[in-house]
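K.L.:
Please build the complete structure, drawing on both the sequences and the hints.
With the first letter of the sequence shown counted as 1, position 97 gets the number 97 in the working numbering; the numbers rise by one all the way through.
Be aware that one or more of the hints could be misleading.
Claimed, not checked - Quick list of the computed label-pair ranges, beta carbon to beta carbon:
hint : residue 1 : residue 2 : range
1    : GLY77     : SER57     : 29 to 39 Å
2    : ASP55     : GLU78     : 28 to 38 Å
3    : MET26     : GLU54     : 34 to 44 Å
4    : MET58     : PRO82     : 12 to 22 Å
5    : SER57     : ARG10     : 13 to 23 Å
Worth flagging that the hints you see were computed from the coordinates, not collected in a lab. If you're wondering where the values come from, they're calculated on a predicted model, not measured in any experiment. Ideal Cβ positions, reconstructed from N, Cα and C, are used throughout, including at glycine.
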Amino acid sequence: QLAELEACSRQRPFNAPTTLYAHAHMIRGVAGTCGLPSLGLAAKAMCDLLDGVEDGSMIDANLITSLAVTMMHAAKGEQEDPELLKELIAACHEAVAHARPRGR
Numbered sequence: 001q002l003a004e005l006e007a008c009s010r011q012r013p014f015n016a017p018t019t020l021y022a023h024a025h026m027i028r029g030v031a032g033t034c035g036l037p038s039l040g041l042a043a044k045a046m047c048d049l050l051d052g053v054e055d056g057s058m059i060d061a062n063l064i065t066s067l068a069v070t071m072m073h074a075a076k077g078e079q080e081d082p083e084l085l086k087e088l089i090a091a092c093h094e095a096v097a098h099a100r101p102r103g104r
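P.N.:
This is how it looks when you write it as structure tokens:
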């Protein structure tokens, strides 16, 4: 799922939010079970960005790519660089909050 999400995100998918959401949602659901809670948090950011967005809608391709890169980093595990990972995930959630303020 992660490889497919990453490949799709690199294609600059201006019209593929449902595909990306499906991959992120699946990853989010199993990340904790796999011992990768940070991956789940990163996937949550992508889910929050794409929840309810229909195919054909314009999405921020740069933000999608940043989220996918963060998810790839998180998939390596917590021990590689935990502080950088925390910062990346926090930045992702902040960017999503700006892109999709609550109530939209």
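K.L.:
Next, verify each hint and record whether it holds.
P.N.:
Verification of the hints:
1. GLY77 to SER57: 29 to 39 Å: About 34 Å separates the Cβ atoms of GLY77 and SER57, which means 29 to 39 Å holds.
2. ASP55 to GLU78: 28 to 38 Å: holds, 34 Å
3. MET26 to GLU54: 34 to 44 Å: violated, 19 Å
4. MET58 to PRO82: 12 to 22 Å: violated, 35 Å
5. SER57 to ARG10: 13 to 23 Å: Since the Cβ atoms of SER57 and ARG10 sit about 19 Å apart, the hinted range of 13 to 23 Å holds.
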